[in-house]
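**Student:** Here is how the chains run, residue by residue.
2 protein chains.
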Amino acid sequence: MAYDRSLVDRLLRESREIVLQELQELFEGNRPTGYGPLYDLLADYPFREGKSLRPAILIASARAAGGRTEQARLSAAALELYHNAFLVHDDVEDDSDFRRGEVTMLRLHGAAVAVNVGDATNVLAMQLLLRNAEVIGLRRALLILCEVERMARESVEGQAVELDWIRQDIFDLNDQDYVRMAYKKTCWYTVIAPLRIGVLCGCPAGVRFPMERDLVPLIELGHLAGIAFQICDDLLNLEAEPSVYGKEAAGDLWEGKRTLMLLHFLREADTASRKRALAILQTPRRKKEPTDVQWLLDAMIERGSIAHGRRMADRFVERAIALDEYSMTFYEENEARHFLREMLWYVVERAK
Amino acid sequence: MAYDRSLVDRLLRESREIVLQELQELFEGNRPTGYGPLYDLLADYPFREGKSLRPAILIASARAAGGRTEQARLSAAALELYHNAFLVHDDVEDDSDFRRGEVTMLRLHGAAVAVNVGDATNVLAMQLLLRNAEVIGLRRALLILCEVERMARESVEGQAVELDWIRQDIFDLNDQDYVRMAYKKTCWYTVIAPLRIGVLCGCPAGVRFPMERDLVPLIELGHLAGIAFQICDDLLNLEAEPSVYGKEAAGDLWEGKRTLMLLHFLREADTASRKRALAILQTPRRKKEPTDVQWLLDAMIERGSIAHGRRMADRFVERAIALDEYSMTFYEENEARHFLREMLWYVVERAK
Chain A
10 MAYDRSLVDR
20 LLRESREIVL
30 QELQELFEGN
40 RPTGYGPLYD
50 LLADYPFREG
60 KSLRPAILIA
70 SARAAGGRTE
80 QARLSAAALE
90 LYHNAFLVHD
100 DVEDDSDFRR
110 GEVTMLRLHG
120 AAVAVNVGDA
130 TNVLAMQLLL
140 RNAEVIGLRR
150 ALLILCEVER
160 MARESVEGQA
170 VELDWIRQDI
180 FDLNDQDYVR
190 MAYKKTCWYT
200 VIAPLRIGVL
210 CGCPAGVRFP
220 MERDLVPLIE
230 LGHLAGIAFQ
240 ICDDLLNLEA
250 EPSVYGKEAA
260 GDLWEGKRTL
270 MLLHFLREAD
280 TASRKRALAI
290 LQTPRRKKEP
300 TDVQWLLDAM
310 IERGSIAHGR
320 RMADRFVERA
330 IALDEYSMTF
340 YEENEARHFL
350 REMLWYVVER
360 AK
Chain B
10 MAYDRSLVDR
20 LLRESREIVL
30 QELQELFEGN
40 RPTGYGPLYD
50 LLADYPFREG
60 KSLRPAILIA
70 SARAAGGRTE
80 QARLSAAALE
90 LYHNAFLVHD
100 DVEDDSDFRR
110 GEVTMLRLHG
120 AAVAVNVGDA
130 TNVLAMQLLL
140 RNAEVIGLRR
150 ALLILCEVER
160 MARESVEGQA
170 VELDWIRQDI
180 FDLNDQDYVR
190 MAYKKTCWYT
200 VIAPLRIGVL
210 CGCPAGVRFP
220 MERDLVPLIE
230 LGHLAGIAFQ
240 ICDDLLNLEA
250 EPSVYGKEAA
260 GDLWEGKRTL
270 MLLHFLREAD
280 TASRKRALAI
290 LQTPRRKKEP
300 TDVQWLLDAM
310 IERGSIAHGR
320 RMADRFVERA
330 IALDEYSMTF
340 YEENEARHFL
350 REMLWYVVER
360 AK
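Protein chains in written order, with our numbering: chain A, 10 to 361; chain B, 10 to 361.
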């Protein structure tokens, strides 16, 4: 099937508009009885440049399951907020300088404010999900909250794994270690939860209403697609110019982030190169030399680590596409369903 | 009415046992499919020495409303977890050294881990509240989640107000400014939410099931009692020995925390004393001199600021007691109801 970029772009844009409008109303609705300055901070990250990938997947999944966009609006906006809360805290945890092309909340306002803004963002996301009861009923609202609990739990566990690697200075990791961590940290909240919550929002009431077993294939589909997405996101980080990507160039190398590509290089490099790489990675970011980081990037390219990442991403996407063909019995054949398929291509295409 | 310390102590102890057992099961239940080391960290704060005030109020409120302890277990344990999540993040935000007589999560494991552990604690609290549906039904479970959303929102707003005072170096604040901040930051999650959620858990189904308007008096009761509690907690911090209280002696002065007593002193002191006090407060904690902090404490005592705090706390408790006599129509006269009344005395008595 040909990759239809215009459909992907259009539905991403439409979903983003829906979400931003919902969030605008949410902030304005809470402001009169709340503490104004907090709501200014809350609006910062969500209104920065972004793809709104997660809400788009959620809304498309709802429509593919036979539902209307209206049924998925609140959940889509909530998921975008959870994502933003995660980013605000993640930037504190990684001590990051930039996010979406601008200075992080951490650098703008300090760790104390950033931690609190992240917490507040989570609270408002929950408010949206509670309002779901009025739109799609009590039972669905609660099922969706259960999905969000699982998603958030997987994310903090994935984050805990990665933080332990950092604190214990662990670099001796294989592809499987990486995939296990990213499954928890990325796949749940980027793909699995959006797909599953979408079905819960959109599926018609009655006998077809999905049971837990119906939603199981979406875990595997989201797993495969999510890993491909994360690898490609890390490839973009390594390769793109700062102006294109919105972060520092090769920011992950400056941060010492364990990517599939970096871990491949550390396994495959000769002893001297590996030693030099570890010394660079263990140097605090502000003390790293640009020439060292550039050497590491070049060495990774030469060693085939970038190619290894691209190959793995392709393989995961191929498996996702194969699974997608046979297991998604609750989806109809419509535009939204088409978008979900196209997204699988989009993930790898954008990193090429 | 005579203050019955033994009843207060017994029900506090019983509630704490219930909560710790529930939390133990929660952590063990999530561990097998989760990331073990995270659950060790999650258990740290909740199992430190503590009063478990909030679960005790919640369980007593449920029983006073005619319910059984069983109906309130999950919510009580959840509230204790939300409290602990708040403390873990609060310690990051305040850059604190000690909590409950031990070194903070921040100092033990760094800000990155502490932020993530706080987030994980919130997730598990939500898991408990979702399980409420099996015990007390879908509708109550959702109403309780709405209470928790409100509670958490008020807390982050109160926190935002206080963080702004710190970042903008604002000390020129009156009693009303203080009370408004503490209402949001403390009252909701220490008293108002435990009381209201207790009623929602315990109230018999049927015509007597509380409407929103029935629960309104609990906002004011919790407001009055919560302010008294916070003032007394701050009095204890100023006056108690470190071994008694579990934090540094006069830790709030070292941190420059805006307490009712400190703000009173800054308003009432002569120009020279005020200037010296501000210089001390604006010095980073690690550069403060013990003799300076001692001078400030002595000056506050001499200026009547401690007495002012005690007087205000008494006044708030008296108003709470008066309100409590007339407005709590959904409570029965039983042991738990007696405990709730005694708690009002307990709050001020423990600071004497």
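Take these hints with a grain of salt, some might be off.
No copy labels: a pair is met if it fits in one copy or bridges any two.
Simulated crosslink set (SDA-like; lysine to any residue; CA at most 25 Å straight-line) [stated by the list, open to error]: (1) Lys296 to Arg140; (2) Lys284 to Glu248; (3) Lys266 to Pro46; (4) Lys296 to Ala331; (5) Lys284 to Phe95; (6) Lys266 to Gly119; (7) Lys266 to Gly43; (8) Lys266 to Gly45; (9) Lys60 to Gln185.
For the record, the hints were derived by calculation from the structure and aren't laboratory data. On a predicted model such as this, the values are computed, not experimentally measured, just so you know.
**Student:** Determine for every hint whether it applies to the structure shown.
**Tutor:** Comparing the hints with the structure gives:
1. Taking the shortest alpha-carbon separations for Lys296 and Arg140, neither the intra-copy value of 48 Å nor the inter-copy value of 49 Å comes in at or below 25 Å.
2. In this homomeric assembly, Lys284 and Glu248 come within 25 Å of each other (Cα to Cα) only inside a single copy, at 23 Å, whereas the closest approach across copies is 55 Å.
3. Within a single copy, Lys266 and Pro46 get their C-alpha atoms only as close as 33 Å, which misses the 25 Å cut-off; across copies the closest is 20 Å, which meets it.
4. In this assembly of identical chains, the alpha carbons of Lys296 and Ala331 never lie at most 25 Å apart, being 46 Å within a copy and 63 Å across copies at closest.
5. Neither within a single protomer nor between protomers do Lys284 and Phe95 lie at most 25 Å apart by alpha-carbon distance, with minima of 33 Å and 42 Å respectively.
6. In this assembly of identical chains, Lys266 and Gly119 lie within 25 Å of each other by CA distance both inside one copy and across copies; the values are 22 Å within and 18 Å between.
7. For the identical chains of this complex, Lys266 and Gly43 are inter-copy neighbours only, at 22 Å across copies versus 38 Å inside a copy, given an alpha-carbon limit of 25 Å.
8. Proximity of Lys266 and Gly45 under a CA criterion of 25 Å is satisfied inter-copy only: 22 Å between copies versus 36 Å inside one chain copy.
9. Taking identical chains as interchangeable, the C-alpha atoms of Lys60 and Gln185 are never at most 25 Å apart, the minima being 28 Å within one chain and 44 Å between chains.
Checked against the numbered hints above, the structure breaks hints 1, 4, 5 and 9 and satisfies the rest.
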